[in-house]
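Read off the chains here:
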Amino acid sequence: MHFDDKIPIYYQIKNHIYHEIITGTLQPGEKLPSVRQLAVDVTANVNTVQRALSEMIAAGIIESKRGRGNFVTMETTKITALKTQLVTTQLAHVYQQLHALNLSDEEILVSVQQYIEQRGQNK
Amino acid sequence: MTDSLEIQNVTYKRGMKTILHDANLTLAPGKIVGLLGENGAGKTTLMRLITGSAKGAGVITVSGESAEADRKRNVSFSEQLRGFAGSTKLTRIVDFYETVYGDFEADRFTELATFLQIDTSLKLAALSKGMKEKLVIALTLARRTNLYLLDEPFSGIDSMSRKKIINSIIQWKPENATMVISDHYVSEIAPILDEIVVVKDQTIYAHRQADEVRAEFHIGIEAYYESLYERGNDND
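So the protein sequences, as listed, match chains A and B. Residue 1 is where the first sequence starts when you use the UniProt record's numbering, and the numbers rise one by one after that. Residue 1 is where the second sequence starts when you use the UniProt record's numbering, and the numbers rise one by one after that.
Mixed in with the good hints, there may be bad ones.
[Stated by the list, open to error] Residues from chain B that keep clear of chain A, each with C-beta distances beyond 10 Å, as calculated:
| id | residue |
| --- | --- |
| 1 | I7 |
| 2 | K13 |
| 3 | K31 |
| 4 | E38 |
| 5 | G52 |
| 6 | S66 |
| 7 | T120 |
| 8 | G156 |
| 9 | I170 |
| 10 | S187 |
| 11 | A190 |
| 12 | P191 |
| 13 | D194 |
| 14 | R214 |
| 15 | I219 |
| 16 | A223 |
[Said to hold, decoys possible] Label-pair ranges, simulated between beta-carbon atoms:
| id | chain 1 | residue 1 | chain 2 | residue 2 | range |
| --- | --- | --- | --- | --- | --- |
| 17 | A | R36 | B | F217 | 35 to 45 Å |
| 18 | A | V112 | B | K129 | 48 to 58 Å |
| 19 | B | N24 | A | I116 | 32 to 42 Å |
| 20 | B | Q117 | A | G60 | 19 to 29 Å |
| 21 | B | A28 | A | I116 | 48 to 58 Å |
| 22 | B | N24 | A | G60 | 37 to 47 Å |
| 23 | B | T18 | A | Q96 | 44 to 54 Å |
| 24 | A | M74 | B | E188 | 32 to 42 Å |
| 25 | A | Q97 | B | E105 | 20 to 30 Å |
| 26 | B | E188 | A | E55 | 24 to 34 Å |
| 27 | B | A28 | A | Q113 | 39 to 49 Å |
| 28 | A | L103 | B | F217 | 27 to 37 Å |
[Unchecked claim] To give an idea of the chain A side of the interface with chain B (calculated C-beta under 7 Å), a few residues:
| id | residue |
| --- | --- |
| 29 | P8 |
| 30 | K31 |
| 31 | L32 |
| 32 | P33 |
| 33 | A44 |
| 34 | N45 |
These are computed hints drawn from the structure, not numbers from a lab. Note that the coordinates shown come from a computational prediction; the quantities given were computed from them, not determined experimentally. Cβ coordinates follow ideal geometry from the N, Cα and C atoms, glycine included.
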């Protein structure tokens, strides 16, 4: 995994795993590799991976089962909520940037629509 | 749990020249720590003080042991094998390590040697720089101890060897052991570091959690390290 050294590594690992859960690369109920194996897979420190896991466990997305390992939650509502949360974060970022360019809400809607149409044509 | 390393008010002089003064540092168990500093800043000296091969004023404790012989037992240092003739077969060097160090595990060495693709039937002089560094890493990690000191393990070696060495560190460092890796080029190892220690102005100038630096300053470890120098030098 390629890290951006300006952003805390544990945070990037967390987002990487969240991404895999949302896109279904990691399925609900699926067992995660061991902490050390994950560390090797992403080339990071075991403690850093553990910190990322702890936050995902606290958020209820990962479940830690004593002696058996870590599993993706079976509660799909939690995964849906996570997806909504990540989409909102991305939209908030774009919205802020466009607002900073003095675009009104209507203008933002129109430009997003135009952009999607253009992309569709260029495919 | 006992700290892996404690350095208290250590000062070291060579002739009239002060190399390190009033150095203080405490490292908890289970960490990977980057020891950063310019060439000649005193990184190697600090490692030699920890192993006991250099003697200065102050107290150094490794896993609770301060006597030199007890300390040596708890430290695995990346020796550059200068004591061996070029004609020495690698198997002989491995035998030597097994004889000298009670905590050297031959099985561990074999696993590491396989992973790092070291051909132990070769003679020392036949090894490329990268291959020799891999051998040093395998010998150093094959000891099962509490503190590992790797002195510039990545200088002058290709990126593939570097990646292999980084992976072997992640896989083979015992969970509660602490590892100190010195380097003057930090970018490549930054993601695997828990903490960084900067040697500057003849002392331990900074000791920070790597992810805290990123969260607090929004800059990379290399940029943070460089910023310590831009603040101006107070060398004299």
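Against the structure, the hints:
Here B/I7 stays apart from chain A, with its beta-carbon at least about 22 Å from theirs, past the 10 Å limit. At the 10 Å boundary, the C-beta of B/K13 stays outside the reach of chain A, the nearest C-beta of that chain being 36 Å off. Here B/K31 does not stay apart from chain A, with its beta-carbon only about 7 Å from theirs, under the 10 Å limit. Once the 10 Å rule is applied to beta carbons, B/E38 is consistent with being away from chain A; the minimum gap is 20 Å.
With 10 Å as the threshold on Cβ separation, the claim that B/G52 sits away from chain A holds: the shortest Cβ distance comes to roughly 28 Å. With a least CB separation of 27 Å from chain A, B/S66 remains clear of the 10 Å interface cut-off, as annotated. Every CB of chain A lies more than 10 Å from the CB of B/T120, the least distance being 24 Å, so the non-interface label holds. Once the 10 Å rule is applied to beta carbons, B/G156 is consistent with being away from chain A; the minimum gap is 21 Å.
Non-interface status of B/I170 relative to chain A is broken: a Cβ of that chain comes within 10 Å, the nearest being about 5 Å off. Consistency note on B/S187: stated as away from chain A, yet its beta-carbon is not over 10 Å from all of that chain's, at 7 Å minimum. With a closest Cβ-Cβ approach of about 5 Å to chain A, B/A190 is found to fall inside the 10 Å limit, against its non-interface label. For B/P191, the condition that its CB be more than 10 Å from all CB atoms of chain A is violated, with the nearest at approximately 5 Å.
The beta carbon of B/D194 sits about 5 Å from the closest Cβ of chain A, which is not more than 10 Å, so the claim that it is off the interface is violated. Interface exclusion of B/R214 from chain A breaks down, the closest Cβ pair being 5 Å apart, not more than 10 Å. Residue placement check: B/I219 does not keep its beta carbon more than 10 Å from all beta carbons of chain A (closest about 6 Å). Not every beta carbon of chain A lies more than 10 Å from that of B/A223, the smallest distance being close to 8 Å; the non-interface claim is violated.
A/R36 and B/F217 have their C-beta atoms about 30 Å apart, which leaves the hinted 35 to 45 Å range violated. At about 55 Å, the CB distance of A/V112 to B/K129 agrees with the hint of 48 to 58 Å. As the Cβ distance of B/N24 to A/I116 is approximately 59 Å, the hint placing it in 32 to 42 Å is violated. Range check, B/Q117 to A/G60: about 43 Å between beta-carbon atoms, so the 19 to 29 Å window is missed.
Our hint of 48 to 58 Å for B/A28 and A/I116 holds, since their Cβ atoms are close to 51 Å apart. As the Cβ distance of B/N24 to A/G60 is approximately 42 Å, the hint placing it in 37 to 47 Å holds. In this structure, B/T18 and A/Q96 meet the distance hint of 44 to 54 Å, their C-beta atoms being roughly 53 Å apart. In this structure the supplied range 32 to 42 Å holds for A/M74 paired with B/E188, their Cβ-Cβ distance being about 39 Å.
Between A/Q97 and B/E105 the C-beta distance comes to about 56 Å, which lies outside the given range of 20 to 30 Å. Between B/E188 and A/E55, the C-beta spacing of about 26 Å keeps the proposed range 24 to 34 Å intact. B/A28 and A/Q113 have their C-beta atoms about 55 Å apart, which leaves the hinted 39 to 49 Å range violated. Here the CB-CB span from A/L103 to B/F217 is close to 32 Å, well matched to the stated 27 to 37 Å.
With 7 Å as the threshold, the beta carbon of A/P8 comes within range of chain B, its nearest partner Cβ sitting at about 4 Å, so the hint holds. Hint status for A/K31: violated, given a least beta-carbon distance of 20 Å to chain B, over 7 Å. Nearest Cβ of chain B to the Cβ of A/L32: about 17 Å, over the 7 Å cut. The hint is violated. Annotation: interface hint on A/P33 violated; nearest CB of chain B at approximately 13 Å, more than 7 Å.
At a threshold of 7 Å, the smallest CB-CB gap from A/A44 to chain B is about 5 Å, leaving the interface hint in force. A least Cβ separation of about 5 Å between A/N45 and chain B falls short of the 7 Å threshold, and the interface hint therefore holds.
Of the hints listed earlier, those the structure fails to meet are numbers 3, 9, 10, 11, 12, 13, 14, 15, 16, 17, 19, 20, 25, 27, 30, 31 and 32, in rising order.
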